[in-house]
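Chemist: Each chain, letter by letter, is given below.
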Amino acid sequence: MINILILLPFIAGLFILAMPKKARGITGFVVLLVTLINLFITIKLFRTTAMVSFPWAGFGIDFALRLDHFSSFIILAVAGFGFLISLYAVTSMKGTEIYNQFFAYLLVSLTLANGAVLADNLVVMLFFWEGLLVTLFAMITIGNKQAYKTAVKAVVLVGISDLCMMVGIGLTAHLAGTLSMSGIKLGLQSSGGVAYILLMIGAISKAGSMPFHSWIPDAAVDANLPFMAILPAALEKLLGIYFLARISLEMFSLTPDSWISTLLMIVGGITILFAVMMALIQKDYKRLLSYHAISQVGYMVLGIGTAVPAGIIGGLFHMINHAMYKSTLFLTGGSVERQAGTTDLRKLGGLGAKMPITFACFIVAAAAISGVPPFNGFFSKELVYDGALERGWIFYAMAVAGSFFTAASFLKLGHSAYLGKINDGHKNVKEAPITMLIPMIIIASLCILFGLYNSLPLHNLIQPILGEHRLEGHHFSGFPENMMLVIVTVVVLIAAYLNHIFGVKKSGSGLGAVDHIHHAPVLSGIYDKAEKRFFDPYNIGLGIVNIFVVILFKIDRIIDWIVDNFTVKVTYVFTNTIRKIHTGDAALYLSWSLGGMILIVLYIIVR
Amino acid sequence: MSNEILLFCIVFVPVLGSFVLPVIGTFSEKARNLLALLLVAVSLIFSVKLLPIIISGQSITINYPLLMSIDFVLHADMLAIFMAIASSLVGAIIVLYSFGYISHYENRNEYYFMVVLFLGSMMGLIFSGNLIFLFLFWEITSIASWRLIGFFREKAFVLRADKAFLITVFGALIMLIGFVMLYTQTGSFNLLDIKNNLQNNPVSNIVVMLILFGILSKSATLPFHTWLPDAGVAPSPVTALLHAAVLVKIGVYVFARLFISTMTLDVVWHTVVPVIAGASMLVSGAAALKETDLKRIIAYSTISQIGFIFLGLATGNEIGIAGGLLYILMHGLAKGGLFLCAGIVEQNTHTKDITKMGGLGKVMPITLLAFLFCSFSVMGIPPFGGFFSKYLVITGAINNGQMAIAFTFLAGAVLTVLYLLRVISIVFFGELKMSSIKEGSATMLFSVAFLGILSLLGGIFIKYPADVVVSTVQQMMGIIK
Chain A
16 MINILILLPF IAGLFILAMP KKARGITGFV VLLVTLINLF ITIKLFRTTA MVSFPWAGFG
76 IDFALRLDHF SSFIILAVAG FGFLISLYAV TSMKGTEIYN QFFAYLLVSL TLANGAVLAD
136 NLVVMLFFWE GLLVTLFAMI TIGNKQAYKT AVKAVVLVGI SDLCMMVGIG LTAHLAGTLS
196 MSGIKLGLQS SGGVAYILLM IGAISKAGSM PFHSWIPDAA VDANLPFMAI LPAALEKLLG
256 IYFLARISLE MFSLTPDSWI STLLMIVGGI TILFAVMMAL IQKDYKRLLS YHAISQVGYM
316 VLGIGTAVPA GIIGGLFHMI NHAMYKSTLF LTGGSVERQA GTTDLRKLGG LGAKMPITFA
376 CFIVAAAAIS GVPPFNGFFS KELVYDGALE RGWIFYAMAV AGSFFTAASF LKLGHSAYLG
436 KINDGHKNVK EAPITMLIPM IIIASLCILF GLYNSLPLHN LIQPILGEHR LEGHHFSGFP
496 ENMMLVIVTV VVLIAAYLNH IFGVKKSGSG LGAVDHIHHA PVLSGIYDKA EKRFFDPYNI
556 GLGIVNIFVV ILFKIDRIID WIVDNFTVKV TYVFTNTIRK IHTGDAALYL SWSLGGMILI
616 VLYIIVR
Chain B
36 MSNEILLFCI VFVPVLGSFV LPVIGTFSEK ARNLLALLLV AVSLIFSVKL LPIIISGQSI
96 TINYPLLMSI DFVLHADMLA IFMAIASSLV GAIIVLYSFG YISHYENRNE YYFMVVLFLG
156 SMMGLIFSGN LIFLFLFWEI TSIASWRLIG FFREKAFVLR ADKAFLITVF GALIMLIGFV
216 MLYTQTGSFN LLDIKNNLQN NPVSNIVVML ILFGILSKSA TLPFHTWLPD AGVAPSPVTA
276 LLHAAVLVKI GVYVFARLFI STMTLDVVWH TVVPVIAGAS MLVSGAAALK ETDLKRIIAY
336 STISQIGFIF LGLATGNEIG IAGGLLYILM HGLAKGGLFL CAGIVEQNTH TKDITKMGGL
396 GKVMPITLLA FLFCSFSVMG IPPFGGFFSK YLVITGAINN GQMAIAFTFL AGAVLTVLYL
456 LRVISIVFFG ELKMSSIKEG SATMLFSVAF LGILSLLGGI FIKYPADVVV STVQQMMGII
516 K
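Those protein sequence lines, which keep their order, are chains A and B.
Going letter by letter, the first sequence gives residues 16 to 622 in this note's numbering.
Going letter by letter, the second sequence gives residues 36 to 516 in this note's numbering.
Simulated from the structure, these hints should not be mistaken for lab results.
Some hints could be false.
To be verified - Below are the PhoX-like pairs computed for lysine-lysine, each with C-alpha atoms no more than 20 Å apart in a straight line:
id, chain 1, residue 1, chain 2, residue 2
1, A, LYS164, B, LYS397
2, B, LYS325, A, LYS164
3, B, LYS468, A, LYS164
4, B, LYS198, A, LYS160
5, B, LYS198, A, LYS584
6, A, LYS160, B, LYS391
7, B, LYS468, A, LYS160
8, B, LYS397, A, LYS36
Source: prediction; values computed, not measured.
Please take these sequences and the hints and turn them into a complete structure.
Modeler: As structure tokens, this is what we get:
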């Protein structure tokens with residue numbers, strides 16, 4: 016059964032890729048069938064356990080798969096998103112040149128994601144995990160004309176972290192003496208800490224955390240929208256946080272007193288704040304969402320980094336919640352793009368009346384991401400806050416500040432796209448087709464369900480990951496226990512609303528609702544530089560690499576000069592000198608011979 | 036046919052057959068081409084045929100005593116068979132590709148003569164059980180490659196060929212001194228005798244150093260590496276043969292043959308060789324990122340990947356050596372593919388300057404795909420074969436406790452990703468800058484596609500190459516199953 020999850024989408028993907036253009040009619044059917052079968056199998060496998068292993072590459076690299084609660088939950092989520100977003104894309108991508116390519120890569124990505132989640136052997140895990148680079152590259156490249164640059168950027172950023180992970184896996188195997196994840200138990204002292212950090216780099220980079228994030232906003236513009244909804248918004252987050260949890264909870268025991276826990280929280284906090292600040296000022300629907308896709312990872316990393324039960328549960332709950340509302344948001348963006356022809360917020364407006372269902376889904380998802388009760392995002396964020404506060408008020412403050420800006424930017428986004436005056440060209444815009452609406456409605460309803468009945472996901476999906484012994488008798492479902500936190504959240508949300516009203520009044524439009532922050536004295540200078548990619552770690556990194564490269568290349572040229580010119584010169588000088596000795600004078604030659612003979616005789620005597 | 040005859044044929048069918056090629060070429064081009072392919076295929080097929088026998092634990096030896104202690108010895112063990120299959124497989128594909136490529140140029144008889152002679156003497160080098168014959172075949176490859184690099188006969192090209200020849204022969208002569216010193220220590224040129232006489236005592240460091248001169252110069256490693264990018268003036272299939280698959284692997288093969296299979300090294304070399312390899316890898320990786328000539332870039336990339344192979348072999352532990360050997364195979368396939376793709380690009384655009392190229396992916400989709408597949412394999416991205424070799428090599432270093440070296444090679448792997456993606460995006464993406472560009476010919480496209488797909492299958496079905504490598508390493512290290 017497990018093998019089918021890996022083989023079926025892969026074979027189907029190759030089949031679709033090889034299909035002649037004439038047969039394109041059945042592509043959609045094949046994709047939906049395969050993703051549906053995939054979904055059914057994962058439902059059937061849910062809550063079962065299994066272990067499969069057969070020899071592969073030697074040296075402990077067995078093709079070992081493990082199905083336990085955690086992995087069965089993640090593959091179920093992957094399959095769910097895979098099916099729903101395929102359903103959406105079958106319509107939204109219709110008629111494009113790259114229709115078959117897109118779905119082929121999507122199916123192969125499903126195989127790789129399934130494999131990475133199910134793998135028990137670390138090298139097998141990396142095999143599938145890093146393999147996603149190939150589909151990532153392919154799926155971005157088929158976007159617009161400039162997309163290849165973003166694809167390169169993505170592969171470089173994610174590839175570097177995957178290579179770090181490769182070293183991390185080598186080190187882990189060296190320390191633990193096994194590659195089997197279920198058999199690894201390491202501490203975080205000295206080499207163990209190095210191994211953990213290398214693995215963590217891979218995990219958080221896959222999830223899109225800073226500083227490996229900067230390809231995501233570019234991809235939002237350059238790549239196709241369903242790609243954004245499936246990979247950066249859903250699958251990559253699931254995988255990244257899944258592996259982060261695996262290493263933090265099982266293979267290494269991350270404890271609150273270790274400095275690595277603090278490091279994770281700092282990474283999380285910074286990611287939340289910096290990314291949301293960038294999201295705030297975006298003027299493009301998709302680009303704005305993509306910065307939130309980065310910012311929200313911060314909450315998950317922060318939550319798991321707290322290393323206390325509430326934080327970890329919150330981080331994991333946030334992972335699944337985020338995948339839901341963020342893919343919904345991207346899908347609404349796709350509907351707007353398809354129906355109105357643009358995602359530029361300056362050209363949008365008043366679409367709420369024309370596209371009521373899309374608007375409704377947007378409201379649900381936006382409320383969820385902003386942490387408005389009783390949507391799912393509220394509950395997971397409260398848990399993260401709880402954990403963060405336990406570890407230090409500064410982390411809590413960062414998280415809450417992030418929430419303020421999140422709410423503010425979604426008020427701005429909703430206002431400028433769906434409310435306000437409609438653009439003249441958009442008078443005849445209609446609601447998106449039903450096949451695109453269904454996935455949105457389903458996922459948006461789940462956002463409500465996971466909020467109102469949060470005990471359902473928490474009891475069945477999230478808490479068993481930690482296991483009863485680690486929960487220390489806590490239960491995290493129902494309404495948050497700490498009313499203080501809830502009050503702060505509500506106050507922050509109201510503040511965000513007031514800020515919005517203030518901004519709209521000041522600038523006169525929904526789009527300008529945050530201009531007073533954007534153009535605030537110190538911030539505006541920083542924002543200008545950020546918009547010019549001054550802080551892009553990719554550009555900074557390439558700059559540093561370039562310095563080294565120039566020096567090293569100089570060394571290469573010098574060596575080449577030594578080989579080509581210097582040795583030749585030395586040879587000429589040497590031969591010219593020797594030649595000068597050869598004057599043709601017989602007496603001189605005779606004295607040379609005599610001298611040589613004396614030397615030989617002396618040598619023999621002395622020896 | 037008995038196994039001894041098979042072994043004899045692997046070496047001497049291509050070596051002797053190559054002399055017939057120019058004669059046949061004067062009558063029929065087609066017959067000569069097919070015969071050339073057949074001669075190389077004989078090496079491949081017979082090697083594969085011997086594989087099950089060798090894998091079962093036997094080894095095959097031919098021994099004709101000649102004068103003094105210079106015996107003519109051919110010895111087939113796992114390492115030799117593995118190397119022979121890896122070289123002749125890529126060699127055969129390169130010969131096939133040449134059908135399309137070289138048909139545009141003069142002096143085709145000489146071309147096939149030299150290529151087949153080169154591959155044949157490579158087989159001789161691999162199976163030689165005697166240092167003198169190893170040296171002999173080594174020098175034949177030098178002569179053949181000298182002629183092939185200067186194939187286009189322009190003055191500048193011939194000078195480059197001279198450079199390659201002088202550096203590798205200089206190294207080989209110093210290595211010969213090492214061989215003689217080894218003879219004075221052990222009383223034999225025969226590898227098996229040397230092994231028995233040494234009895235696991237480390238061989239003296241001066242001998243290792245002298246032999247390393249030869250190895251490093253042949254495998255184009257810092258500071259003897261600059262002949263390799265300069266040799267890019269050769270026809271593309273030749274550069275594939277020299278730079279990627281075969282010639283540069285001679286050095287690493289001899290390293291494995293002498294310093295792992297035959298002698299034990301002083302522990303200091305487990306650090307010194309990786310350091311040299313690391314420096315070589317970083318310098319050449321940087322050069323690959325700066326160069327603008329397509330073939331020079333790929334040549335520098337070869338130098339940097341050779342660094343990984345040396346690292347793996349020099350670790351001295353099982354995983355590292357297995358990684359190094361697997362690297363030889365995977366890198367040969369992928370890098371051969373890259374050079375052949377470069378040949379298609381060069382032949383159709385009439386330039387090697389990447390700044391003049393762009394958007395070629397649209398007109399050359401198959402070349403692009405093959406180039407991508409091979410690049411991913413070289414970068415070490417799964418599901419391509421290069422992933423496993425890179426992982427094993429780096430793990431080998433980690434298992435020696437050499438974290439600093441592991442991180443250096445991590446930096447090298449990052450450089451690899453950067454320079455290959457740079458080439459891909461400049462050459463194949465963006466605006467098309469040239470008009471009326473065509474794809475390569477059918478045999479050329481088949482060759483590159485085949486290498487690309489082999490790189491992919493080599494990763495997915497890693498079990499088969501890995502099994503061979505595991506038993507090779509076990510035999511080399513004397514671990515009995």
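Chemist: It remains to establish, for every hint, whether it holds in the given structure.
Modeler: Quick rundown of the hints versus the structure:
1. Pair hint A:LYS164 plus B:LYS397 holds up; C-alpha atoms about 16 Å apart against a cutoff of 20 Å.
2. Proposed proximity of B:LYS325 and A:LYS164 is supported: the alpha carbons are some 18 Å apart, at most 20 Å.
3. Between B:LYS468 and A:LYS164, the direct Cα distance comes to roughly 17 Å. Compliance with the 20 Å bound is thereby established for this hinted pair.
4. Taking the CA atoms of B:LYS198 and A:LYS160, the gap is near 44 Å; set against the 20 Å cutoff, the hint is violated.
5. Using a Cα cut-off of 20 Å, the hinted pair B:LYS198 and A:LYS584 holds, with the two alpha carbons roughly 15 Å apart.
6. With a C-alpha separation of about 19 Å, the suggested pair A:LYS160 and B:LYS391 falls inside the 20 Å cut-off, and the hint holds.
7. Taking the CA atoms of B:LYS468 and A:LYS160, the gap is near 15 Å; set against the 20 Å cutoff, the hint holds.
8. Our distance criterion of 20 Å between C-alpha atoms is met by B:LYS397 and A:LYS36, whose separation comes to about 17 Å.
This entry does not satisfy hint 4, going by the numbered hints stated previously; all others are met.
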